[in-house]
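Position chain B against the provided structure of chain A, taking the given hints into account.
Protein chains in written order, with the working numbering: chain A, 84 to 312; chain B, 3 to 210.
Keep in mind that a hint or two might mislead.
What the hints assert, rightly or not - Quick list of the computed label-pair ranges, beta carbon to beta carbon:
{"no.": "1", "chain 1": "B", "residue 1": "T122", "chain 2": "A", "residue 2": "I312", "range": "36 to 46 Å"}
{"no.": "2", "chain 1": "B", "residue 1": "R103", "chain 2": "A", "residue 2": "V284", "range": "44 to 54 Å"}
{"no.": "3", "chain 1": "A", "residue 1": "A239", "chain 2": "B", "residue 2": "S138", "range": "43 to 53 Å"}
{"no.": "4", "chain 1": "B", "residue 1": "V51", "chain 2": "A", "residue 2": "Y199", "range": "13 to 23 Å"}
{"no.": "5", "chain 1": "A", "residue 1": "I302", "chain 2": "B", "residue 2": "V51", "range": "42 to 52 Å"}
What the hints assert, rightly or not - Listed below are several chain B residues computed to face chain A (Cβ distance under 8 Å; list not exhaustive):
{"no.": "6", "residue": "G74"}
{"no.": "7", "residue": "P97"}
{"no.": "8", "residue": "S99"}
{"no.": "9", "residue": "A195"}
What the hints assert, rightly or not - Looking from chain B toward chain A, a few residues come up when the C-beta cut is under 8 Å (computed):
{"no.": "10", "residue": "V47"}
{"no.": "11", "residue": "G56"}
{"no.": "12", "residue": "I57"}
{"no.": "13", "residue": "L60"}
{"no.": "14", "residue": "L111"}
{"no.": "15", "residue": "E114"}
{"no.": "16", "residue": "G128"}
{"no.": "17", "residue": "Y134"}
{"no.": "18", "residue": "T193"}
Keep in mind the hints are simulated off the structure, nothing from the lab. The structure displayed is predicted, hence computed values, not measured ones. Note that the Cβ used here is the ideal one computed from N, Cα and C, for glycine as well.
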Amino acid sequence: MRKQDWSEISGRSLRSIPAYKSLRYAVFQAIETGKRVHLTLGSGGINGLRGGAGFAGLEILRQVTKLTAHSDRPTLATSGDGTLAVLSQDSSHHAFKAALNESRYHPTMAHLSGVYPFAYAAGSLSVISDEQVSTTVLVGHFGSEIALIADASHGAGCTTIAGTDNLSAQAITYVLTEDHLIGEEVYVGGAYTQAGLMHLVSIRAQDYFRWIVVVMIIIGAILKFAGWI
Amino acid sequence: MSRRTPQFFLIAIAAIAGIVLLAGYFISLPFLDGLRSYLFQLAIVLTGVALLVGIINLLFVHVMKVLRLQTGALYSLVLLISFTITFTVGFLFGPTSAWSRWIFNHVQLPVETSLLAIITVILVVGLIRMLYRRPSANSLIFLFTVVITLVGIISLPWIESSLITEARSWLLSVPVTGGMRGILIGIAIGTIATGLRILTGAERPYEN
Numbered sequence: 084m085r086k087q088d089w090s091e092i093s094g095r096s097l098r099s100i101p102a103y104k105s106l107r108y109a110v111f112q113a114i115e116t117g118k119r120v121h122l123t124l125g126s127g128g129i130n131g132l133r134g135g136a137g138f139a140g141l142e143i144l145r146q147v148t149k150l151t152a153h154s155d156r157p158t159l160a161t162s163g164d165g166t167l168a169v170l171s172q173d174s175s176h177h178a179f180k181a182a183l184n185e186s187r188y189h190p191t192m193a194h195l196s197g198v199y200p201f202a203y204a205a206g207s208l209s210v211i212s213d214e215q216v217s218t219t220v221l222v223g224h225f226g227s228e229i230a231l232i233a234d235a236s237h238g239a240g241c242t243t244i245a246g247t248d249n250l251s252a253q254a255i256t257y258v259l260t261e262d263h264l265i266g267e268e269v270y271v272g273g274a275y276t277q278a279g280l281m282h283l284v285s286i287r288a289q290d291y292f293r294w295i296v297v298v299m300i301i302i303g304a305i306l307k308f309a310g311w312i
Numbered sequence: 003m004s005r006r007t008p009q010f011f012l013i014a015i016a017a018i019a020g021i022v023l024l025a026g027y028f029i030s031l032p033f034l035d036g037l038r039s040y041l042f043q044l045a046i047v048l049t050g051v052a053l054l055v056g057i058i059n060l061l062f063v064h065v066m067k068v069l070r071l072q073t074g075a076l077y078s079l080v081l082l083i084s085f086t087i088t089f090t091v092g093f094l095f096g097p098t099s100a101w102s103r104w105i106f107n108h109v110q111l112p113v114e115t116s117l118l119a120i121i122t123v124i125l126v127v128g129l130i131r132m133l134y135r136r137p138s139a140n141s142l143i144f145l146f147t148v149v150i151t152l153v154g155i156i157s158l159p160w161i162e163s164s165l166i167t168e169a170r171s172w173l174l175s176v177p178v179t180g181g182m183r184g185i186l187i188g189i190a191i192g193t194i195a196t197g198l199r200i201l202t203g204a205e206r207p208y209e210n
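Just chain A, same shape as in the assembly (with noise of 0.2 Å):
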């Protein structure tokens, strides 16, 4: 089976990130073998600069268990922080919903596996040791507990793509996952996990930014060449 990604599927032009084409081969292979998809969204809340990366997993926890609630083992969801387990919590209950197999869900298919970094990824560890997990999500804010969740997934055997916004776990991911996604990478996940067109207008509104971005950086960069500024 060729990698594809979503948005090739929905005829939409968007660029092609490894990592998500490699998500939904994951996710349709452990549909067919009667595995588990882990989805953990890291201990970062919702508050502050680190929600951005939390909201982005959600997102994908929505899609993902979306396209697995009626499968053998359903998408289970592990977190970090008290809200963002109750977040997580709603949207999967929203995606069985969205499904139409609401009677399978089950308030523990995402809940919270420790307060302290090191306690959540203790506790995402037993997950994936014991759950039948045959591919390792990780989106959201992570420290350098990433190493030992990104770790224990490739030592059980599964595909692990990571995203996450701090630059040392992005080194780490860089380093232990062959699927990472790096910078606004992690962001764009509704998009190409077909979650709706106002992701892809999303898209292309971050695409116009960077380009504003770039031209001012440059305008900077001659302006203060010419010693102007």
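Using the frame of chain A, we list chain B on its own:
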């Protein structure tokens, strides 16, 4: 009342709260400041309640694991016993008492330090694995940067350190800082876009 009405109210509440908090950064009005402060307090209370709900949920997951004798039930039992002891000590003697500090200093701190040490080993093994499985130019650049950065901060008697220190300093101040800024700009734009999607109700993690 149609089925869409509660959803409309949820979106309206989220959007208004978001706009009020955002406006508070740009406009200073007594009424707006008061409302902003009230919303912040409400958010703190809700975060506390969410944490409590999360902990109850966590305990429920592990109690069910123990009762059903699932794989890893023993670890769940250890977690439940540890939680009961820590909660009882904190509840009876207070979170800053000598007993609570003993638990922190003799259990939590050593465990976290050990995990940090394990991470070092994991990263070294991961780096070797990366070079073996992905022997690309990017991987080599990554390895080169790591080696120069590490060697540049330690003093080795048999290596001329000034050249390496200068190379490290150049690496950190030019390509590394440039790359970091590029990634951070991307993250900032992504965060703004996510915030706007939530403010406009296009993304609703609070749907049910």
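Would the hint on I57 of chain B stand, with a C-beta cut-off of 8 Å toward chain A?
holds (7 Å)
Against the range 43 to 53 Å, how does the distance between the Cβ atoms of A239 of chain A and S138 of chain B compare: consistent or not?
Violated: the Cβ-Cβ distance is about 25 Å, outside 43 to 53 Å.
Given a cut of 8 Å on the nearest C-beta pair, is the interface hint for Y134 of chain B held or broken against chain A?
violated (12 Å)
Tell me if the interface restraint on V47 of chain B is satisfied: Cβ within less than 8 Å of some Cβ in chain A.
violated (12 Å)
For the hint on L60 of chain B, just tell me whether its beta-carbon gets within less than 8 Å of chain A.
holds (5 Å)
Interface hint status, T193 of chain B versus chain A (Cβ within 8 Å)
This interface hint holds because 3 Å falls under the 8 Å limit.
Against chain A, with CB atoms and a cut of 8 Å, does the hint on P97 of chain B hold up?
violated (13 Å)
Regarding V51 of chain B and Y199 of chain A, is the given constraint of 13 to 23 Å on their beta-carbon distance met?
holds (19 Å)
Hint check, E114 of chain B versus chain A [nearest Cβ-Cβ separation less than 8 Å]
Interface hint status for E114 of chain B: holds (5 Å vs cutoff 8 Å).
Status of the given 36 to 46 Å range, CB of I312 of chain A versus CB of T122 of chain B
Roughly 44 Å apart at Cβ, these two residues keep to the hinted range, so it holds.
Hint check for V284 of chain A and R103 of chain B - Cβ pair distance inside 44 to 54 Å
holds (53 Å)
Was the hint right that A195 of chain B lines chain A, CB cutoff 8 Å?
holds (5 Å)
When the structure is compared with the earlier hints, violations turn up for hints 3, 7, 8, 10, 14 and 17 and for no others.
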